[in-house]
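S.K.: If you read the protein sequences in the order shown, they are chains A and B.
Under this note's numbering, the first residue of the first sequence carries the number 31, and numbering increases by one thereafter.
Under this note's numbering, the first residue of the second sequence carries the number 1211, and numbering increases by one thereafter.
The reader is advised that the hints may include incorrect statements.
[Unchecked claim] Heads up, incomplete: computed chain B residues facing chain A, CB under 7 Å, no partners named:
{"#": "1", "residue": "G1222"}
{"#": "2", "residue": "L1261"}
{"#": "3", "residue": "T1268"}
{"#": "4", "residue": "F1350"}
[What the hints assert, rightly or not] Every beta carbon over 12 Å from chain A, so not counted as near; a handful from chain B, in silico:
{"#": "5", "residue": "I1254"}
{"#": "6", "residue": "L1289"}
{"#": "7", "residue": "A1301"}
{"#": "8", "residue": "G1302"}
{"#": "9", "residue": "R1322"}
{"#": "10", "residue": "T1323"}
{"#": "11", "residue": "E1327"}
{"#": "12", "residue": "A1328"}
{"#": "13", "residue": "R1365"}
{"#": "14", "residue": "T1401"}
For the record, the hints were derived by calculation from the structure and aren't laboratory data.
Please read all numbers here as calculations on a predicted model, not as lab measurements.
Note that CB positions come from ideal geometry on N, CA and C, so glycine has one too.
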Amino acid sequence: MTIEIVKAPPFATVQDMGWPVGRAIGLPEGGAMDRAALAAANRAVGNAETAAGIEIALGAGTFRFAEAAVVAVAGLAEVRLGGELVPHTLMVPAAVPITLYPRPERRFVYLAVRGGIAVPELLGSRSTYLPAGFGGYEGRRLRNGDSLPIGAAPPGSAPEPERGPEEEATGPLKLRAARGPQWDRFGKSAQAAFFAAEFRVAPASDRMGYRLLGPSLAPEELAALPSEAACPGAIQVPDGGQPIVLMPDGPTVGGYPKIAVLLRPEVGRLAQCPPGAAVRFVEVGTLL
Amino acid sequence: MSSPPPAILPLGGGAWTIRLGDVVSRENHARVTALAGRLADAAIPGVLEVLPAYATVTVFFDPARVNPADIRSRIEATLALPRSEGAEHPAGRLVEIPVRYDGPDLHEVADRTGLAEAEVVARHSTPEYLVYLLGFVPGFAYLGDLDPALVLPRRAAPRTRVPAGSVAIAGAQTGVYPFASPGGWHLLGSTTLRLFDPARTPPALLSPGDRVRFTPV
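Looking at chain A on its own, in the form it has when it is part of the complex (with noise of 0.2 Å):
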């Protein structure tokens, strides 16, 4: 059983929660963007929520199934079959085309197919990780007439969909943060305008870590800190004060000082806002 990629999105790979460990090594998280969204997708085709899918951004992508298959897609995208407008979850016959389009107030789409996307596990994780060309689908992005396979369905049928709440943007979007390790390090003007401004997303932003435009917030004490370690969701400030907040296939150790950390579902939050959104960070008292 196989999935074909008739039209490729611009930017398409597969993916699924990443590497468990290898942070010692240098590998980092990796995997879905927006894992909720991927969870639900497999959720909704009956797989096990780590399953790996197709992570589609900036724009529309056709696939054709060879058997008939039970697909579902999540996040904000109309979904064709045919040319027919069809529910998120549905099943696919054999050769008939699927098509996508993203809506262009999120920046990722989930396609997860029942029996999940089985290319070779490398590391513990199917996720491709593109910095260095490796995983996923021959390490890139997926082109137009690519084959992937579809791994053997779970026993039972598939459940019934489920209708997640669509979240309307009303205001900036308000992100849950903890002080990060460095905060002492940050003047109480930037720690002020860290909780209280701001921030949007730059267009410099991508798998490996989102620019946030806003407040200056550089730190008063510039010594340099050697490496440590980093995770998704860090939020380090370069000397130009211009915050970088990682995410899953960001730098596993960074020299920068860290004001403040996402709580980790935040970050699929963050992921889905694209440049120019508008963010907030609202403070929580610890992270552990």
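Put chain B on the given structure of chain A with help from the hints.
M.R.: Chain B alone, transformed into the frame defined by chain A:
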């Protein structure tokens, strides 16, 4: 004389970072290595892995499976164990990395340091470097310490693409780019050795504590 206990700080919801110092030094590296070894020996249930860095050790765990406070208590208990003086960790392996010293920045490094190109090569290929830590990208090893005469700040304008295998210097550090990536270090040469291969066991060529010598070819 007893020093205050090291700070234990949360890193996100799934890790504790233990700070043993604030600077890059062989002394801090030895303390980090010793603690990382003791934490590994402690085999704390629920711990995913331990990441030794320059002056910190970070313990990753799955907060869905274990209570973070329990992990913290186990870390504190490990820190409180009496240290067995003289139980030195064995010296790491010596890894030789063959380098073609024909990098695009060799000339500029010679100019800025006032050394002949051959002298730059000699000073870079003489020391036995220590692998302080692995990170940034898979298999990237932070190596030190560079000959003080070669210490330069990063390039003012980072390159958008540094080829895989590039041997480079910046500050008191040297290293090899495992993959093509953007980078601001000065490129002295290149090696054909693969620093990281996900299909190999282990995938990373180098480990913290290993010693590295660059051999001109």
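S.K.: For every hint, state whether the structure bears it out.
M.R.: To see whether the hints hold, each was checked on the structure:
For G1222 of chain B, the suggested interface contact is upheld, since its CB lies about 5 Å from the closest CB of chain A, less than 7 Å. Nearest Cβ of chain A to the Cβ of L1261 of chain B: about 5 Å, under the 7 Å cut. The hint holds. Using the Cβ-Cβ criterion of 7 Å, the hint placing T1268 of chain B at the interface with chain A is satisfied: the shortest such distance is roughly 4 Å. About 5 Å separates the beta-carbon of F1350 of chain B from the nearest beta-carbon of chain A, less than 7 Å, and the hint is met.
Residue-level check passed: I1254 of chain B sits 14 Å from the nearest beta carbon of chain A, beyond 12 Å. Distance to chain A confirms L1289 of chain B as a non-interface residue, since its nearest Cβ pair spans about 17 Å, more than 12 Å. Every C-beta of chain A lies more than 12 Å from that of A1301 of chain B, the closest at about 19 Å, which supports listing it as non-interface. Against the 12 Å criterion, G1302 of chain B stays outside the reach of chain A, whose nearest CB is about 14 Å from its own CB.
Separation of R1322 of chain B from chain A is adequate, the least Cβ-Cβ distance of about 20 Å exceeding the 12 Å criterion. Distance to chain A confirms T1323 of chain B as a non-interface residue, since its nearest Cβ pair spans about 21 Å, more than 12 Å. Under the 12 Å C-beta cut-off, the non-interface status given to E1327 of chain B relative to chain A holds; the minimum distance is some 29 Å. Residue-level check passed: A1328 of chain B sits 31 Å from the nearest beta carbon of chain A, beyond 12 Å.
Every beta carbon of chain A lies more than 12 Å from that of R1365 of chain B, the smallest distance being close to 16 Å; the non-interface claim holds. Interface exclusion of T1401 of chain B from chain A stands, the closest Cβ pair being 17 Å apart, more than 12 Å.
Violation of the numbered hints given earlier is absent; every hint is satisfied by the structure.
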